[in-house]
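Peer 1: One letter stands for each residue in the lines below.
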Amino acid sequence: MEKKLLFSAKNITKSFHGTQALKGVDLDVYEGEVVGLIGENGAGKSTLLKIIIGAQPQSSGDMIMHANEFAPKDPMEANAEGIGMVFQEQSLIVNLSVGQNIFFGHEKDFKQYGFVNWSKMYAEARKVLDEVGCNNINPRKKVIDLNFATRQMIEIAKVVNVTKSGSDQKCLILLDEPTSVLNEIEVQRLFVEIRKLTQKGHSVIFVSHRLDEVLEISDRVYIYKDGENAGNMKTSEANEAKLYEAMVGRGTTTEYYKLEKQSKPQQGVVLEAKDLGLWGSFKHCSFKLHKGEILGIAGVVGSGKEELCSIICGDEKNTSGELFVNGKRKNYSSPSQALKDGILMIPKERLVEGIVRGLSVGDNIALSNAKNLLKNGLISKKKMNEQADQWIDTLRIKTTGRQELLIQLSGGNQQKVVFARALASEADIIILNHPTRGVDVGAKEEIYSLIRDIVAAGKSVILLGDTLDECIGMSNRIFVMKDGLITGEFNADANEKPTQVSIVSMMM
Amino acid sequence: MLKNQAKTKLNFRENLQRYFCFAVLLLLVIAFTIMEPRFLNAANIVNLLSDSAPLMIMAAGMTPILLLGSIDLSIGAMCSVGNVLVLTLMMNLANTISNPAIVILLSIILTAMVGILSGIIMGTIHVKLKVPSFIASLAFMSIFQSAALLISRAPQALPKKLYSTVKWYSIHFGPIGLPLILAMLLIVVFYIILTYTPFGKGIYAIGANERAARIAGIKVDKYKIIAFAMNGFCATLGAVFLMAKSKSSAPTVGDAFTLMVISAIVLGGTSLIGGAGNILKTIIGVFTVAIIKNGMTTVGVNVYWQKVVYGVIILIAIAIAADRSSRSFVVK
Amino acid sequence: MRKENLAAMTITDEFAAKIKAENQRERLMKWAPLLVLITLILSFTIARGSAFASFGNLVSILNQWSIPLLVALGLTFVIMLGSIDLSIDGTVGMAGSIMSVMVLNSRTANDFGILGVAIAILSSVMIGFLVGVIHVKFKIPSFMVSFCFMNICIGIAYLSYSGKPAVINDTFLKSLTKASFLNIPFITWVALIVLGICYYIQEYTAFGRHIYAVGTDETIPKAVGVNVSKVKIKVFTLAGLCFGVAGVVGAIRLGQGQAAIGTGLMFPAQAAVVIGGTSLSGGKGGVIQTVVGTLIMTVLENGLTMLGVNPFVKTGIQGVIILAAVILTVKHKATVISK
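Chains as they are written, first to last, in our numbering: chain A, 1 to 508; chain B, 509 to 840; chain C, 841 to 1179.
One or more of the hints may lead you astray.
Calculated lysine-lysine pairs in the BS3-like style (CA-CA distance at most 30 Å, straight line) [claimed, not checked]:
# : chain 1 : residue 1 : chain 2 : residue 2
1 : C       : Lys-1154  : A       : Lys-111
2 : C       : Lys-1070  : B       : Lys-636
3 : C       : Lys-979   : B       : Lys-755
4 : A       : Lys-288   : A       : Lys-375
5 : C       : Lys-1070  : A       : Lys-348
6 : B       : Lys-638   : C       : Lys-1154
Computed Cβ-Cβ distance ranges for the label pairs, DEER-style [to be verified]:
#  : chain 1 : residue 1 : chain 2 : residue 2 : range
7  : C       : Lys-860   : A       : Lys-328   : 51 to 57 Å
8  : B       : Val-697   : C       : Lys-977   : 56 to 62 Å
9  : A       : Lys-73    : B       : Val-696   : 53 to 59 Å
10 : A       : Asp-440   : B       : Ile-617   : 20 to 26 Å
11 : B       : Lys-675   : C       : Pro-1151  : 49 to 55 Å
12 : C       : Ala-861   : A       : Lys-261   : 35 to 41 Å
13 : C       : Lys-860   : A       : Asn-495   : 46 to 52 Å
Interface residues of chain A toward chain B, partial, derived using beta-carbon atoms under 8 Å [said to hold, decoys possible]:
#  : residue
14 : Gly-24
15 : Leu-27
16 : Leu-339
17 : Val-356
18 : Ser-360
The set of hints was computed from the structure by calculation and includes no laboratory data.
Beta carbons are placed, not taken as given, at the ideal position from N, Cα and C, and that holds for glycine.
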């Protein structure tokens, strides 16, 4: 049966602040089909979805919806064209009822003589819920009383409703990681509903890191890598191995990660986790970190690796298991305590958690070690300036000087300042959470070289790589986390690096 | 190119903010002098300056709180408590201790300790129990108001025999009295603390980006509580000065100060959002507020217009200083 | 694949269980204010017997309840946004004072009657509007804007009668102080009517629903095209309306217009709203909860007076109560930032 083309994106590029998130990707969706979209973190999936839903414009490239040019200025225009998105973070207002959430923002459609006819709205809500097969949900119930799976269905109902807007047009529903909070049974129920939708002629783009699920529900799969098309195939012709191969691919040169500088870790154990766990995020994590070692943790978003790092650096308290630092059992209730033992994290969200935008370069560098700059009880401006200048020089931070406000620097240089701060703090165990995120290539190489140097000098590093490639390239050892558990461990000596494929299979 | 434009824009706003407080001060002086030349009389200036001392002390204590991005609405009530407490202590101690110097010293020390303790308690509740500072301070304002009334329900006068204990308050060097010098000294000390100690730098960092400060290993909780303790200390110190000035105490004497303290600090260029501000400029802000009060009285403005004027001036000052830039954080 | 997911299922289930536990706790907490109210009534009845539980005293409580209820109703919507309004003392006093000099009174030659009442209420509506606009357009925290306006309004109140309060001579208004229907005084009826209006707005208008959304997370309503700024401004304006009515009613009851009509109203209102269950962080609660909260505060005040508690201590007790209420309802995670 000849399927009609519902939506098409051609040669979409997107750059922000000098980095290219999308380098020219394509995506076609036919009526009545489920298209899976997979790729590593940073491959560009979320970026594309945001462009399709109108939350941000593309830098170049065209989109077609219902055979017309499609360039939404905001999500509401996309909705009017029949495209709706269920975001990863739930967007329901929990203290309102199901019906009120479905029609939120559109209450005036039910206005009669200046008052809202709620009964009419609830009747409509019933119809919408039926449309997505949820006729057992009472639209008058408050969302806060419902479980996640039901909430997910309501999100879908809400989106379907918005996109239908009274016409017979077929809709395109974007689902971004819809199964991350669902258990197996709930996932199957979701699939049943998705199939009902497609039977009516609507289409779905299904983004997920759970490849088995993608293979089960999709008709075709697109694979993105580094902002580019890495292939697309019919799921009937695909299997997990083929998908992994497409997702990873060209490794980068050994020079990039300064492999020649990769040192061997020493024997001493500086940090040990025994059965560490945080309720609801991860559990049974046990590993050792040696002096002079770079330990990489690989895993997708939601695997628990971020929370693990929060626990180690003292930002959160673990709910099970134990942490040993230099042989002593430790229980941190704040990062300042962890810093006393020489543990410091360079956080992932640089702008929100890493830099203090309104302070100068010098002040930012001195953030963690102000007490080391004292002379006669007061901070010596001279020492602070010397320190700032030294790091600006060593890390080649592009700035007009230590007085410059951090907000003026580029992302890469801001990150270097954060690095400088970590190194100035003389922490021995540094947790690098996506250290090269948003940093240009040249600066990245400098940072890699720097990491090699400090590790050779005896510091220990836990690395959450920005890409899997980086993780493999930089680490001495890697362990993989998936859904809150450690699923594998790999040796990553300079001359026998594991392949991306082998690791990816344990991540997803 | 865009960066340069952004830089010049920043400079203009920076300059506006930097010199705003001086400009306001100058404008007010000129305006009041035009309306009533007696305003610039030597006697009036002396009056004005000496009036500023208690306000300056309390503003010194509150500045770190605002730098943190928090607020303390109880400072006036705390001052009232300190005011009645110190006098009551003095009167009671005078019965058993004959040396008036010891009487006042002891009273001041005890009162200050109460102030510090109150600050610690309020700070701890705010920090450890995550109660927003304005609600915590609002609640404590009620508690302090009750406490002040319980300590002394009516204004009390300092007994004549203890007058010697407050003689130091009237010492002056030319137009500037000792109290004002002490107050400015306190500000300078706080300036040094805020600029040259890890604690001070921590305060700025916490106010600018608490999350980043926490991850960087700054002792956020501890520093916040210390700031509140310092604030409590200053509130009671200001109360002592008030007592020395009027040689009496009253359980509601401090209540009006809350608004004046906040006005003074904001007029001195410290942002309500936190993370930016120079405590030395609080001095200008304090003088500005004193001038408003004194000026309106000298010119003969109805005392109730003063409330309106204060309210309007603070609003304008904050509106100008408010950072409406792309900072997407939500203001509630 | 099943084996792999068995352990994984546990993490997802753990997370779901965590949320479920939180929800259950919240559901229980919903009943807490009512229990507190019942406990208070019982305790005072035991302590004071018929003096407290008499019909006369209950009517008295209803009487005392009216103005705090009016004020708390307006405040409820503001707090549901996650904001705060500290201007109450000033706005209420201002409305009462302006009304007293607009109708037939002892200070001015005006005799606007009902129009005077309307003008007074309009003035506080305008103040509410200004607070909302300045807060939204200049991104100044609501507590600061409202704090400034409190002082401005107190100033205006005093200025309206130039120091000497105006005694209301309008016969109709004077008669209202004694008027009652079904033994419930007129003033209480006004409060109940406003309560009805507010409840209707909250539950049956789109605007009411939008308030919850904005208070929960601004980005969600913004994404569907709801004008968040407009919602906020409307809320503060509505609050101004409630405060205006409270002021007018207060002046009628007092027989004269005084800035002091508003004094001391703000704090019990804040306490009442929070105790009733409307969280300071916004997005939940409502006027029914505020009804319970204000009843608690009024019963408490009435009972404490009856017990002969030192009047100076009462404000302090209110402070302790509001602290306890907030501590119990706020999130305690270490990484939560509260300023």
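Peer 1: Compare the structure with each hint and give your call.
Peer 2: Each hint, compared with the structure:
Restraint check for Lys-1154(C) and Lys-111(A): the C-alpha separation of about 48 Å exceeds 30 Å, so the hint is violated. This hinted pair does not check out: Lys-1070(C) and Lys-636(B) have alpha carbons roughly 36 Å apart, beyond 30 Å. For the hint pairing Lys-979(C) with Lys-755(B), the CA-to-CA distance comes to about 43 Å; that exceeds 30 Å, so the pair is violated. For the hint linking Lys-288(A) to Lys-375(A), the alpha-carbon distance of about 38 Å lies beyond 30 Å, and the restraint is violated.
In summary, the hint linking Lys-1070(C) to Lys-348(A) is not supported, as the alpha carbons are separated by about 35 Å, beyond the 30 Å threshold. For the proposed pair Lys-638(B) and Lys-1154(C), the alpha carbon gap of about 25 Å is at most 30 Å, so the pair holds. Taken as a hint, the range 51 to 57 Å is violated for the pair Lys-860(C) and Lys-328(A), whose Cβ atoms sit roughly 37 Å apart. Distance hint check for Val-697(B) and Lys-977(C): the Cβ-Cβ separation is about 39 Å, which falls outside the suggested range of 56 to 62 Å.
The given range of 53 to 59 Å is respected by Lys-73(A) and Val-696(B), whose C-beta atoms sit roughly 55 Å from each other. Checked against the given bound of 20 to 26 Å, the beta carbons of Asp-440(A) and Ile-617(B), roughly 60 Å apart, lie outside it. Roughly 38 Å separates the CB atoms of Lys-675(B) and Pro-1151(C), a value that falls outside the hinted 49 to 55 Å. Take Ala-861(C) and Lys-261(A): their Cβ atoms lie about 49 Å apart, and the range 35 to 41 Å is violated.
The beta-carbon spacing between Lys-860(C) and Asn-495(A), approximately 50 Å, falls within the hinted interval of 46 to 52 Å. Against a cut-off of 8 Å between C-beta atoms, the interface hint on Gly-24(A) is violated, since the closest Cβ of chain B lies about 26 Å away. Given hint, Leu-27(A) at the interface with chain B, is violated; its Cβ is 29 Å from that chain's nearest Cβ, farther than 8 Å. Because the smallest distance between the Cβ of Leu-339(A) and any Cβ of chain B comes to about 3 Å, under 8 Å, the interface hint for this residue holds.
Interface hint at Val-356(A): satisfied, since its Cβ lies 5 Å from the closest Cβ of chain B, which is below the 8 Å cut-off. The beta carbon of Ser-360(A) comes no nearer than 11 Å to any beta carbon in chain B, farther than 8 Å, and the hint placing it at the interface is violated.
Consistency note: the structure conflicts with the earlier hints numbered 1, 2, 3, 4, 5, 7, 8, 10, 11, 12, 14, 15 and 18.
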